[in-house]
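Enquirer: Generate the whole structure from the sequences, applying the supplied hints.
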Amino acid sequence: MITVENVAKSFVLHNQGSAIIPVMDGACLSVSAGECIALVGASGAGKSTLMRMIYGNYTTQAGRIIVGEVDVASAPPRDILALRRETLGYVSQFLRVVPRVPTLEVVAEPLRAVGMEAGSAEARAKDLLAMLNIPERLWSLSPTTFSGGEQQRVNIARGFAHDYPALLLDEPTASLDATNRAVVLELIERAKARGAAIVGIFHDEAARAQVCDREVDVSTFTPGYIA
Amino acid sequence: MTPLLKVERLSKFYGQRIGCADVSFDLYPGEVMGIVGESGSGKSTLLNCMAGHQPLDAGQVLFNTRTDGMRDVVTMSEPERRMLGRTDWAFVHQHARDGLRMNVSAGGNVGERLMAVGERHYGGIRDQAMDWLGRVEIAADRIDDRPKQFSGGMQQRLQIARNLVTGPRLVFMDEPTGGLDVSVQARLLDLLRGLVREMGLSAIIVTHDLAVVRLLADRLMVMKDGHVVETGLTDQVLDDPQHAYSQLLVSSVLQV
Chain A
1 MITVENVAKS FVLHNQGSAI IPVMDGACLS VSAGECIALV GASGAGKSTL MRMIYGNYTT
61 QAGRIIVGEV DVASAPPRDI LALRRETLGY VSQFLRVVPR VPTLEVVAEP LRAVGMEAGS
121 AEARAKDLLA MLNIPERLWS LSPTTFSGGE QQRVNIARGF AHDYPALLLD EPTASLDATN
181 RAVVLELIER AKARGAAIVG IFHDEAARAQ VCDREVDVST FTPGYIA
Chain B
1 MTPLLKVERL SKFYGQRIGC ADVSFDLYPG EVMGIVGESG SGKSTLLNCM AGHQPLDAGQ
61 VLFNTRTDGM RDVVTMSEPE RRMLGRTDWA FVHQHARDGL RMNVSAGGNV GERLMAVGER
121 HYGGIRDQAM DWLGRVEIAA DRIDDRPKQF SGGMQQRLQI ARNLVTGPRL VFMDEPTGGL
181 DVSVQARLLD LLRGLVREMG LSAIIVTHDL AVVRLLADRL MVMKDGHVVE TGLTDQVLDD
241 PQHAYSQLLV SSVLQV
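From first to last, the protein sequence lines are chains A and B. Quick note, the first sequence lines up with residues 1 to 227 if you use my numbering. Quick note, the second sequence lines up with residues 1 to 256 if you use my numbering.
None of these hints come from the bench; they were simulated from the model. From a predicted model like this one, the values you see are computed outputs, not experimental measurements. Here a beta-carbon is modelled for each residue, glycine too, at the ideal position from N, C-alpha and C. Be aware that one or more of the hints could be misleading.
To be verified - Take a look, some chain A residues computed to stay more than 10 Å from chain B by CB distance:
no., residue
1, Thr3
2, Glu5
3, Pro77
4, Met116
5, Glu136
6, Phe146
7, Asp204
Claimed, not checked - Now the stretches of chain A that chain B is said to cover, found in silico as 3 or more residues with beta-carbon under 8 Å:
no., segment
8, 9-19
9, 47-58
10, 78-91
11, 99-111
Expert: Given below as structure tokens:
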């Protein structure tokens, strides 16, 4: 479902003496349907960078990143937008929303975007919010004023609303209490069971051990790495 | 799918100076494109040229019309272009007073565009005007007031209602949130986002506010000195800008 082939990336900082910072070289990775892999490596090794490249949020200089039928590394914006709508979900660490939009709408939006009618989309959003223990009295409010943990859970509810065939999870259990952490792991298990291919970053080792089938050490993709 | 708008090698010069040069892009139905750049980068010139408010020196602006397919707006007759401006196109000006009739009531401002497309039934027009004032959150008892009596934010919302009442397919916006205080901006963003999704309209938004494009635009075009220096997915251009100028633009924003 997700295949990364010989991918390379460097950042060029034009306004800081045109410094070139190579961050990745020869990255390879493959995730099948129903499989969850964990990206591991020290802080700064490039876990988030690789994840952002798979999402098309960062450009890729060389190689291919195939998600479903699309090569994210070379596809035009329109194809990536369609891929993100239908196929590829991403739970980032930060919730970014239009101010004033109620939480329920924020969570239902990915479903509305794939054409689900309002009633069913809302019902599904309500289920997820209830599951993640967001009190019902908050559903009609914008999440911008919520606590960090609540925002994170709203973000997760939104990320799991549509059944994406491929999912990227950046620290989905960070800043969650034990109860909610268990709910998130349950959501990940369910996604795997329905056949989603998942790439995750988990600093939480117990969580990683529980849901991930394999680990991929991204430091082996650092330019100049000698095995 | 055919693009809704296809701009090919559009150029505009002010004497020796470049307004905008050699701009090409496609816009598809339902897409929102942001154009960013500093003052004088040519973004408003480009917008005005596309919308037919300014003559251009070279290039084509092809629009997928309902009846005749792709037509070059530049070579279209003036009446045809004006008809397009009243039906399928909308233009939201930075200053609401440029897009409103200041001596006509709020209801009249909205109703006028309906009458321009042949609506004649007074009750029907008033009902639709009322409906749209509600959607942009202007109280029903203000329908007979003139825009002069409105605050800046209300005027901007009225301008949007006036523009969208005829169900356009393409909306040009020039700094739609410029000059408004932040709470009003948020309200307007929420409104625009809802309208884009409900009505499936396409929009081109010129702004220098990167937070606005991040929330509203699917794609981004960065302009400098009349040239397009970078295009791409909005989040990609903002998070991993490639061109020196885009990097400067993104890194210059104050974090809040």
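Enquirer: It remains to establish, for every hint, whether it holds in the given structure.
Expert: Hint check:
1. Thr3: Thr3 of chain A clear of chain B: closest Cβ-Cβ about 20 Å, beyond 10 Å.
2. Glu5: holds, 20 Å
3. Pro77: Violated, because the least Cβ-Cβ distance between Pro77 of chain A and chain B comes to about 5 Å, which does not exceed 10 Å.
4. Met116: Its Cβ never comes within 10 Å of chain B, the nearest being 13 Å, so this holds.
5. Glu136: holds, 22 Å
6. Phe146: Phe146 of chain A clear of chain B: closest Cβ-Cβ about 16 Å, beyond 10 Å.
7. Asp204: Given a closest Cβ separation of 25 Å, the condition holds.
8. 9-19: holds (count 5)
9. 47-58: holds (count 4)
10. 78-91: holds (count 3)
11. 99-111: holds (count 3)
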